[in-house]
Amino acid sequence: MDLNMKVLVVDDFATMRRIVKGVLKELGFKNVIEAENGKAALSELKKEEIGLVISDWNMPEMTGIDLLKAVRANDQYKELPFIMVTAEGQKNNVIEAVKAGVTNYIVKPFTPETLRQKLEAVFN
Amino acid sequence: MENPEQLGKYLESIALESVDLDAESISSMGKILNALSSIMSEFQDELPPAFLQLIKGLEGYVERLSLGEVQDPDPVKQATSCMQGLYRSLLRGEEIAQAEAAQVLQILGGSDKAKALSPQANEQAQERHGASQQRASDTLTANIRHHELSAEDIELLQDFVGEALDSLSTIEIGLIDLEQNPEDSEIINSIFRPFHTIKGVSGFLNLTKINRLSHISENLLDKARGGEIAIDGRITDVILESVDVLKQLIEAVQDGIETGNVLEGNINTDNVVNKIQDILDKSEEIGSKPLGEILVQSGVANPKDVDKALEAQKQEPNKKLGEVLIQEGSVKPQAVASALRAQKTFGVNRKAELQVKVDTRKLDTLVDMTGELVIAQSMLRQNHAIVSSSDQKLFQTLSQLNQITSTLQKAAMSMRMVPIKHTFQKMVRLVRDLAKGSGKEVTLSMSGEDTEIDRNVVDELYEPMVHMVRNAVDHGIESPDERIARGKPSQGTLELRAYHQSGNIVIEIRDDGKGLDKEGILEKAKEKGLIEQNPSLTDSEIYNLIFQPGFSTAKEITDISGRGVGMDVVKKSIEKLRGRVEIDSNPGKGCTFTIHLPLTLAIIDGMVVRVGKERYIIPTLSILESLKPNKEKYSSVHGRGELIKVRDSLIPLVRFETVFNTQTETKDPWEGLVVAVEHDGRQFCLLVDEVIGKEEVVIKNLGSSIMQVKGLAGGAILGDGRVALILDIGGITELASIAA
Chain E
1 MDLNMKVLVV
11 DDFATMRRIV
21 KGVLKELGFK
31 NVIEAENGKA
41 ALSELKKEEI
51 GLVISDWNMP
61 EMTGIDLLKA
71 VRANDQYKEL
81 PFIMVTAEGQ
91 KNNVIEAVKA
101 GVTNYIVKPF
111 TPETLRQKLE
121 AVFN
Chain Y
1 MENPEQLGKY
11 LESIALESVD
21 LDAESISSMG
31 KILNALSSIM
41 SEFQDELPPA
51 FLQLIKGLEG
61 YVERLSLGEV
71 QDPDPVKQAT
81 SCMQGLYRSL
91 LRGEEIAQAE
101 AAQVLQILGG
111 SDKAKALSPQ
121 ANEQAQERHG
131 ASQQRASDTL
141 TANIRHHELS
151 AEDIELLQDF
161 VGEALDSLST
171 IEIGLIDLEQ
181 NPEDSEIINS
191 IFRPFHTIKG
201 VSGFLNLTKI
211 NRLSHISENL
221 LDKARGGEIA
231 IDGRITDVIL
241 ESVDVLKQLI
251 EAVQDGIETG
261 NVLEGNINTD
271 NVVNKIQDIL
281 DKSEEIGSKP
291 LGEILVQSGV
301 ANPKDVDKAL
311 EAQKQEPNKK
321 LGEVLIQEGS
331 VKPQAVASAL
341 RAQKTFGVNR
351 KAELQVKVDT
361 RKLDTLVDMT
371 GELVIAQSML
381 RQNHAIVSSS
391 DQKLFQTLSQ
401 LNQITSTLQK
411 AAMSMRMVPI
421 KHTFQKMVRL
431 VRDLAKGSGK
441 EVTLSMSGED
451 TEIDRNVVDE
461 LYEPMVHMVR
471 NAVDHGIESP
481 DERIARGKPS
491 QGTLELRAYH
501 QSGNIVIEIR
511 DDGKGLDKEG
521 ILEKAKEKGL
531 IEQNPSLTDS
541 EIYNLIFQPG
551 FSTAKEITDI
561 SGRGVGMDVV
571 KKSIEKLRGR
581 VEIDSNPGKG
591 CTFTIHLPLT
601 LAIIDGMVVR
611 VGKERYIIPT
621 LSILESLKPN
631 KEKYSSVHGR
641 GELIKVRDSL
651 IPLVRFETVF
661 NTQTETKDPW
671 EGLVVAVEHD
681 GRQFCLLVDE
691 VIGKEEVVIK
701 NLGSSIMQVK
711 GLAGGAILGD
721 GRVALILDIG
731 GITELASIAA
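Just so you know, the protein sequences line up as chains E and Y, in that order.
Residue 50 in the numbering used here is what sits at position 50 of the first sequence, and the numbering runs on without skipping anything.
Residue 221 in the numbering used here is what sits at position 221 of the second sequence, and the numbering runs on without skipping anything.
Derived by calculation from the structure, the hints in this document are not laboratory data.
Here a beta-carbon is modelled for each residue, glycine too, at the ideal position from N, C-alpha and C.
Do not take every clue at face value.
Partial list, computed: chain Y residues near chain E (C-beta under 8 Å) [unchecked claim]: (1) Gly30; (2) Leu33; (3) Asn34; (4) Ser66; (5) Leu67.
In isolation and in its complexed conformation, chain E is listed as follows (with noise of 0.2 Å):
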């Protein structure tokens, strides 16, 4: 895993994105860049050469699933990690974001280790 890879963490709640930004640290990411919600992630991946995105599903403006087809609609991030956060019990969503083709996904709540299992899944 490049620790030096920049990733772009997608949460509309401000709390929410300094907890997972508080794990990444912890597992040793240097860079870890924020978005409100799917659009603003969008300017942040033409801006930035992103490694990983980590999103939530409910947002406003753009929802997380917006963001990954998106995402995978454009060739050049058709391989990009990308790991969706879920609400738990949604199991369509998790039905949906798998068939969109997201990377790996993770159920709220979770611990610093889920998250720390899950990047080692997607980097392997």
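Knowing the structure of chain E, use the given hints to seat chain Y on it.
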């Protein structure tokens, strides 16, 4: 097949993804799922049922794998190689290996259940089937293929045959019971269990036909048990049919044991399996709640579009409602998708919750007290000392208090709510008896039974609903002969629906009978002197005539309805609940009665008006409009009193001083404001000084001493802490002797 190479490519891509598959290979799972759904959409009509079942089975398994419900990727590999085998057989035009497909299907479905259960349950399941059976079955499977049976195998099979035939007769008896008591979950269970046993054992014995049929019947019963499908004649019929076929199959096995050549024979099971699958598919489609309803409720579709789409769907029954709506551009695909999700979760979330019985009077007190709390709280907020305070902490605490009280109020209100299910269920028996008595065939379908409604409303609702259902069966739905002559199915349908719509509860009673007889109604109304000889009435005005007192159109009076105390009673009882009834009728196609009711009787939506120093609340439901008439609109006619011209009709003006002895500041209508109201077809105008605004208020009893005052429905405390009286428009019509 038109394009076999394409199918080959899909299968290859699935095989490629499944090679390295493990529980975390989410993106591979996504690719497999997409390839499977491409196969489904492109080759559905060309593939044999065994292949399609395998695809569906694999799809389900991969979904569970991606959800982490199962961990083992091996079944995916097995299913993939099995599908490739089937594909090759298809290309060569060979008979496909049904047995292998069925076995793989078993693995795909089986490991799901085994893994989903807790380890103990898993062990128990193993025990139930018997360890010895498990061991024997492995050798047996091989032996059966070669039709050579050892003594041990024969014993096992004989046990199975005896047990299965016993179980089937238990099922038969249970089914007949079930027909009498379709809601009895104990009976459903007693049928479910033997099917489950037959399924389990036949699976081990590799009796694929028996296994498949018992499996799908079990699924159907499982849904019925979970309340997703209502048990009706159609379901019991198909299960009985399944029992008959199973009997034949088992008897064939028995014959086989005697000849030493075990086969399930050439008995065709596809027919009944397809029938069951059909019911299962439809139940998925309809779910617990129609899609259209969810869309309308969530405000993304308007009811007219949904109705139109439903019409269009009748022309093309293979299309799903969602597709039609998207095609017509009336709803966005995303909205349909999320509604479908809501639909799916709807059924899942219904679990039995722990309950406590509470006296309704206690609940009423709770609602009352929380109402008071809300008011006390708002008085506190407006208190001079607090308003002039600059303490930030205080305001924070106050807004917290505000939140808590409003949550509390909502919770208190919701406690009085009960599902409308019980009222609906009472109609089942009624419809049955009515249909039998009149020699008609009627199926009753219900939806939205879980819609909640105020307890006090439910009781009051029963009578009017009975009346409307009686009317629908007696006068709406035609006799079977008549229906066939009109090209309709001999069986009529009566539909009861309940749902929420913009803060109201809507209950629909829809039949597919002959609709209301417009000419008949007009004739009758003239005969009874309800209307003039040549009235120019709109359809809806004509239909509404049936709500007039003493109206009954039935040509012959049956023993149940048509006793002359017709729909006027219904309308009165609904209005007493502050609701309204609408009729929509389509000649030859059917008739729909729609009842709109407020969510609760404890709260009223009203317009607050000022009359002198007093405040009054006019229930919004009675208000036609409020206006500031100019001088020309006002006329005073000797013998008819004062009149205001509202939209071309002259409406009598009522002054508060004549009914309540309260003086308005403005004496001339063109100086003040006029609110036009209606009750029971009688209209009048009220002169007020000022309209203060709309408010939802908690109705308070006035207490025994002034409860008898005509024209007042109760009192309420307004947001600013002042007291206002709620007007009873019906009472005022009587006080002011307003004629219709």
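Evaluated hints:
1. Contact between glycine 30 of chain Y and chain E, as hinted, is supported at the beta carbon level, the nearest pair being about 4 Å apart and thus within 8 Å.
2. For leucine 33 of chain Y, the interface hint holds, since its Cβ comes within 8 Å of a Cβ in chain E; the closest pair sits about 5 Å apart.
3. For asparagine 34 of chain Y, the interface hint holds, since its Cβ comes within 8 Å of a Cβ in chain E; the closest pair sits about 6 Å apart.
4. A distance limit of 8 Å between C-beta atoms decides the matter here; for serine 66 of chain Y the minimum to chain E is near 5 Å, and the interface restraint holds.
5. This hint holds: leucine 67 of chain Y has a C-beta 6 Å from the nearest C-beta of chain E, less than the 8 Å allowed.
Violated hints: none; the structure is consistent with every hint.
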